[in-house]
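S.K.: The chain contents come next:
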Amino acid sequence: MATWQDDSFEAFSEQSISLIDASDRWCGAFDLDLDDSTLIGFYEDLLRMRLLDERLNTLLRTGKTSFLAPCSGHEAAQTGIGRAMRRHHDWLFPYYRDQGLAVLLSSADEVLAQFQASCSDRNKARQMPGHPGSDQAHIFTVASSIAAQIPPAVGAAMAKQIQRSDEVVVTTFGDGATSEGDWHTAMNLAAVRKAPIVFACENNGYAISVRLAAQTATATIAEKARAYGMPGYRVDGMDVLACHYVMKQVIERARRGEGPALVDMAVYRYGPHSSSDDDSVYREADEVAAWKKRDPIDRFYRFLAARELIDEGADKALRDRIKGELAAASERAGAAGTAPVEWLFDDVLAELPWHLVDQRELLLGEVGGS
Amino acid sequence: MATWQDDSFEAFSEQSISLIDASDRWCGAFDLDLDDSTLIGFYEDLLRMRLLDERLNTLLRTGKTSFLAPCSGHEAAQTGIGRAMRRHHDWLFPYYRDQGLAVLLSSADEVLAQFQASCSDRNKARQMPGHPGSDQAHIFTVASSIAAQIPPAVGAAMAKQIQRSDEVVVTTFGDGATSEGDWHTAMNLAAVRKAPIVFACENNGYAISVRLAAQTATATIAEKARAYGMPGYRVDGMDVLACHYVMKQVIERARRGEGPALVDMAVYRYGPHSSSDDDSVYREADEVAAWKKRDPIDRFYRFLAARELIDEGADKALRDRIKGELAAASERAGAAGTAPVEWLFDDVLAELPWHLVDQRELLLGEVGGS
Amino acid sequence: MPSEPITLIKAIMHTLDQEMARNPNVIVLGEDVGRRGGVFLGTQGLLERYGPERVIDMPLAEGAIVGAAVGMASQGLRPVAEIQFADYVYPGFDQITTQMAKLRYRSGGQFSAPVTLRMPTGGGVGGGQHHSQSPEALFVHTAGLQTVMPSTPTDAVGLLRSAMRGADPVIFLEPKRLYRSVKEVVPAEFDFTVPIGKAMVRRIGADVTLISYGACMLEVARAADEMARAGVSAEVIDLRSLLPWDRDTVFESITKTGRAVIVAEAPGKASVASEIAASIAESCLDRLRAPPMRVTGFDTPYPYAQDKLYLPSVTRILNAAKYAIDY
Amino acid sequence: MPSEPITLIKAIMHTLDQEMARNPNVIVLGEDVGRRGGVFLGTQGLLERYGPERVIDMPLAEGAIVGAAVGMASQGLRPVAEIQFADYVYPGFDQITTQMAKLRYRSGGQFSAPVTLRMPTGGGVGGGQHHSQSPEALFVHTAGLQTVMPSTPTDAVGLLRSAMRGADPVIFLEPKRLYRSVKEVVPAEFDFTVPIGKAMVRRIGADVTLISYGACMLEVARAADEMARAGVSAEVIDLRSLLPWDRDTVFESITKTGRAVIVAEAPGKASVASEIAASIAESCLDRLRAPPMRVTGFDTPYPYAQDKLYLPSVTRILNAAKYAIDY
Ligand SMILES: Cc1ncc(C[n+]2csc(CCOP(=O)(O)OP(=O)(O)O)c2C)c(N)n1
Ligand SMILES: Cc1ncc(C[n+]2csc(CCOP(=O)(O)OP(=O)(O)O)c2C)c(N)n1
Ligand SMILES: [Mg+2]
Ligand SMILES: [Mg+2]
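Order-wise, the sequence lines are chains A, B, C and D.
For reference, each letter of the first sequence is one residue, going 1 to 370 in our numbering.
For reference, each letter of the second sequence is one residue, going 1 to 370 in our numbering.
For reference, each letter of the third sequence is one residue, going 1 to 327 in our numbering.
For reference, each letter of the fourth sequence is one residue, going 1 to 327 in our numbering.
Hints listed in this document are in silico derivations from the structure and should not be mistaken for laboratory results.
Everything numeric in this text was worked out from a predicted model, so none of it was measured.
It is possible that some hints are incorrect.
To be verified - Some, not all, of what chain D presents toward chain A, calculated at C-beta under 8 Å: (1) Arg36; (2) Gly63; (3) Ala305; (4) Val314; (5) Arg316.
Stated by the list, open to error - Derived, one-sided and incomplete: chain A residues facing chain D with beta-carbon distance under 10 Å: (6) Ser120; (7) Lys124; (8) Asp135; (9) Ala143; (10) Ala148; (11) Ser209; (12) His273; (13) Ile310; (14) Gln359.
We put the CB at the ideal spot given by N, CA and C, even for glycine.
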């Protein structure tokens with residue numbers, strides 16, 4: 001049995017942490033303590049993320065969204081993270097590839113509204129697609145700048161300490177982000193203050209075209225935690241159970257006031273960096289194919305099948321249901337209509353100063369708005 | 001015998017590296033291979049740094065300089081660094097507390113001219129005291145901003161690689177500097193590029209009033225090197241031989257193309273942070289006194305005395321000579337006169353654009369300059 | 001508030017103290033703000049009174065200071081973050097422009113970052129290029145921020161309160177040359193505030209309007225005195241808020257005098273002075289009897305040896321005013 | 001240089017190639033500049049031709065990119081560093097202002113930092129708040145830098161050569177909206193340069209001067225066309241260099257037309273447009289028949305849904321010109 005009273009997983013282990021073995025069976029040193037419906041739930045989350053990318057690609061092709069940084073290949077990490085958090089309680093400070101995780105913590109409606117720059121976007125269609133945020137779901141609105149979410153994430157965690165709240169903050173980022181100065185300033189601060197935060201790296205080995213070896217001279221991201229005096233864990237990011245259990249351990253440890261941790265999840269980006277990228281310029285199809293053999297969804301399907309929790313029919317039905325749900329959410333986002341012109345000026349400050357009032361008037365005069 | 005073909009000192013050792021023991025004797029695992037005159041030279045350097053602070057305090061009191069970040073307590077580190085470098089060949093990218101080291105690598109004349117904002121300052125009296133720089137002596141002019149010298153230092157080291165030069169870059173900084181984002185970006189870059197650079201931390205345990213424990217959750221600065229895949233060494237910074245030999249090893253290693261290293265020298269700042277600071281507000285006199293018992297100059301005097309290389313008379317004569325030299329250098333700096341008004345505008349760019357020509361004219365008209 | 005006259009830096013310290021006493025959500029953070037009480041003693045005594053959870057000595061990283069303040073503010077706290085010198089704000093500049101300034105906008109108003117970011121600015125203290133800068137233009141140019149700079153203890157109290165109680169981020173610039181140069185009895189009422197966006201006419205005049213803010217108010221006052229002796233009546237406006245700035249007060253004055261001299265020690269190119277001059281030209285052209293003149297710091301890095309020559313001098317202000325009057 | 005017409009981004013790529021071929025000290029560094037050839041393909045093919053020592057894929061850290069470039073430049077190399085989008089320059093801002101801009105000054109001319117810092121700027125590409133910014137004012141305000149922005153392939157070649165061969169740092173802003181919008185045969189001569197500090201009169205006119213730079217030159221040209229159809233003759237100036245800017249060319253034009261409309265997509269407050277307007281007001285008042293007008297981006301973060309509405313439109317330019325003409 002995994003107990004979260006001690007550090008069941010060892011920090012800085014030589015081998016990366018896996019809980020599903022090469023023949024797709026549980027290989028944890030403790031008993032699996034998730035019930036069947038939870039396990040099916042994990043599978044559904046994984047699938048929803050993959051199918052979300054598909055839906056978004058369709059929206060791209062039909063001009064209903066304009067940009068996508070696909071999350072396919074990151075699903076086990078994002079599901080593991082999301083399922084380890086207390087939904088609508090713990091806080092996520094995500095980055096631009098976390099649409100899957102955002103759907104898990106908020107809803108497809110919220111995320112698709114953002115992707116479609118819909119009038120129903122809680123963020124008022126202020127940013128390009130892939131930048132969700134939700135006060136209700138405790139998701140800090142994404143900014144495109146790499147690592148910029150991380151110091152605020154630590155600040156939020158410090159706030160939780162001061163407020164005697166038991167909310168924990170999780171912040172996600174890519175391997176490239178670890179090179180930025182503010183990743184460092186934030187890691188260091190969190191450790192000094194023992195802030196209740198977990199740093200979760202979706203390490204896909206590339207920052208656009210730049211390979212990890214050109215990004216850092218260390219073999220892993222996990223070992224960077226040593227510079228801050230916090231534990232670092234290297235996890236098989238294609239193993240949803242490993243991601244989940246490690247995240248759960250460090251989140252609950254943070255909740256107990258024992259300080260931050262870094263989790264380095266080895267994932268892979270199946271698609272190009274984004275819909276503006278051509279990855280064939282800088283990586284071989286072989287490499288992509290090799291990683292796809294370790295696909296987290298296929299693996300977990302076999303894991304569940306071996307436990308007789310799923311079969312092809314059930315899988316198909318599940319996929320159809322999710323596709324339907326995503327299509328419906330996308331429909332609703334489209335039906336809500338587009339953002340009004342005035343939104344250009346709202347929320348610069350709580351109250352518009354004179355110069356913005358003037359500028360709004362100028363623009364409305366020009367475009368014949370209200 | 002210390003040979004520099006291998007890593008004689010082990011990185012990340014539990015104990016900090018000392019070569020002079022508690023009874024002031026050599027305790028290296030290899031034979032001391034510095035000849036007597038070199039050892040006396042080290043002592044002279046140590047003394048010159050201490051006496052420089054004294055001279056600068058006098059200049060402060062008499063209004064001939066306006067600011068001082070004293071280096072007393074850092075002399076073993078600065079001497080060890082300077083003596084390990086090839087003078088006028090290797091490059092120093094220093095910080096504001098390195099006046100001692102700057103004198104060692106350039107001259108008292110250069111450094112005092114800077115402190116006295118003299119017309120003979122190679123830097124044209126452009127900065128507050130304690131910001132020397134010398135193209136001739138290969139010292140990159142100090143900027144006050146913490147850690148700002150570190151990315152350029154790495155860039156310079158990368159230039160040496162590209163130019164197939166065997167010059168090595170050494171950059172110095174305090175413990176506080178390690179928290180800045182650009183310390184991190186530079187460390188990481190240097191390791192990725194295997195750049196010929198040594199990062200030398202003059203770790204005095206304080207950033208103004210902020211103690212190391214509030215600066216970082218690690219016990220040492222040395223272990224931060226792990227995050228970059230470079231070796232880190234923790235050194236007794238009050239032991240000039242330890243500082244010297246470790247620096248020598250890592251500088252020569254870098255020269256051989258084996259990459260950067262971090263050296264963490266545990267020193268202490270005897271005085272206030274600067275002439276604008278009152279350290280009694282944030283630290284106890286006891287602590288200062290305890291560190292002074294390990295004074296690097298006293299210790300090295302006893303080390304030399306035990307070898308019959310010095311006695312009280314010789315010491316006194318040496319001190320008098322140095323004092324005289326410093327006084328004379330200060331005299332010369334004063335005699336050179338003060339900076340002309342025009343210097344306000346020179347060197348903004350190589351050639352003054354129209355707006356600066358206009359502004360210079362305006363000012364000269366106002367103050368009746370040339 | 002003490003009933004005797006206090007300096008500008010003490011006014012800040014007392015205001016922080018009062019607001020911390022009143023509102024448990026107020027958090028002070030920065031380098032050396034704890035036992036040291038700030039290098040200018042703006043936070044003196046706060047650690048002793050409010051403890052290390054609310055008065056936080058931060059690691060030496062401006063990105064972390066600004067960023068943590070943004071994160072705290074997003075969770076309902078009211079952080080007052082200190083940058084030790086404005087010259088050191090740049091490592092935190094990404095957090096200012098990317099997070100602090102844009103959080104409300106990009107989240108559609110779901111989140112906000114009401115951080116008060118204090119920093120000592122300006123020269124004349126022998127600090128050379130890294131202890132003398134006046135970077136206000138960078139903040140005024142950045143949409144989503146409000147930027148203020150008091151020149152008196154009273155305004156420091158009033159503006160700091162407005163900043164700390166308002167809904168949005170405020171760059172609170174402190175003219176360090178004035179920290180201890182003037183003493184004043186500040187209003188005792190706890191509800192006294194100076195609204196952001198309102199200038200103050202410091203002297204009523206008819207012939208020329210001198211517009212300035214911060215430490216240059218000293219030289220402007222001296223210039224106005226000299227002009228008065230020479231029979232020229234200068235109206236003196238202290239902007240106090242640089243964005244939003246008080247267009248009405250300025251334009252009204254120009255309507256009367258027809259002449260404007262804008263004085264600021266920051267470098268002139270693409271500066272706050274440029275903004276005011278351009279706005280005056282745009283909106284008051286027919287009332288102008290002379291070109292709107294800028295008297296600013298030179299477009300050089302801040303010097304050391306010529307520290308005092310860099311700043312807009314009384315002579316330079318008088319010459320500009322004379323030019324405008326003789327035009 | 002190819003003899004057929006090429007786009008602005010190709011002009012940059014070919015110039016980098018030529019200069020690298022000519023001068024072994026030229027080093028290209030940035031994120032994804034290697035195998036990827038830059039996200040806009042500005043460095044395409046350079047890695048293959050000059051190898052990984054001269055074409056450096058950097059870790060994701062703008063501070064390291066700018067700082068390393070400064071260090072290289074201080075040792076005699078000629079680095080051309082790329083910031084992937086101008087919106088991401090802020091983590092490198094301290095290195096720009098503290099090192100790149102001030103190294104020559106603070107060292108008394110002993111060291112210098114002749115770095116060319118390239119960055120794509122501007123909106124209209126659906127990039128929202130972090131792929132659309134125009135931060136030129138921040139650089140123009142910072143003493144020690146030169147800032148340029150070409151609007152044609154030819155100027156891109158000429159200005160990039162001047163930057164790469166000059167003695168000082170240059171912020172080289174690339175209007176990404178124009179990267180592929182115009183093709184032009186660029187001068188073949190290897191010595192062709194466009195001097196920094198010289199504007200170009202794109203169209204001669206008599207009634208009003210339209211002053212702009214970068215991508216807005218598109219809308220300005222369209223506005224001038226429309227005005228011509230309506231019988232109004234607009235002089236069009238492309239500043240090209242923002243600091244130093246070409247005062248002579250601008251003032252000469254104002255002397256003729258008496259009217260100025262300054263067009264730029266950056267937010268207007270304390271902007272380059274403010275600087276030009278203030279300078280015109282200061283120096284040309286008696287020649288002005290109307291207020292110098294600014295048509296700029298709004299003082300909001302860059303929006304997404306209203307991307308195209310944010311930019312100075314032809315209508316907005318025409319309205320401002322009409323206001324000036326009818327004044
Ligand atoms: C500060 C900053 N610099 C550059 C960029 C451009 N950029 C966008 S994504 C990216 C790579 C990020 O890689 P990584 O952090 O590994 O995340 P991944 O996309 O692989 O998930 C870069 C360089 C940016 N968004 N922000
Ligand atoms: C970027 C920046 N932030 C703040 C400061 C103000 N400051 C000057 S020295 C100092 C402490 C530096 O401590 P450390 O790096 O340990 O060096 P030490 O002075 O102890 O040798 C601080 C905060 C600065 N110079 N630069
Ligand atoms: Mg990645
Ligand atoms: Mg220190």
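S.K.: List, from low to high, the hint numbers that the structure doesn't satisfy.
M.R.: 4, 6, 8, 13
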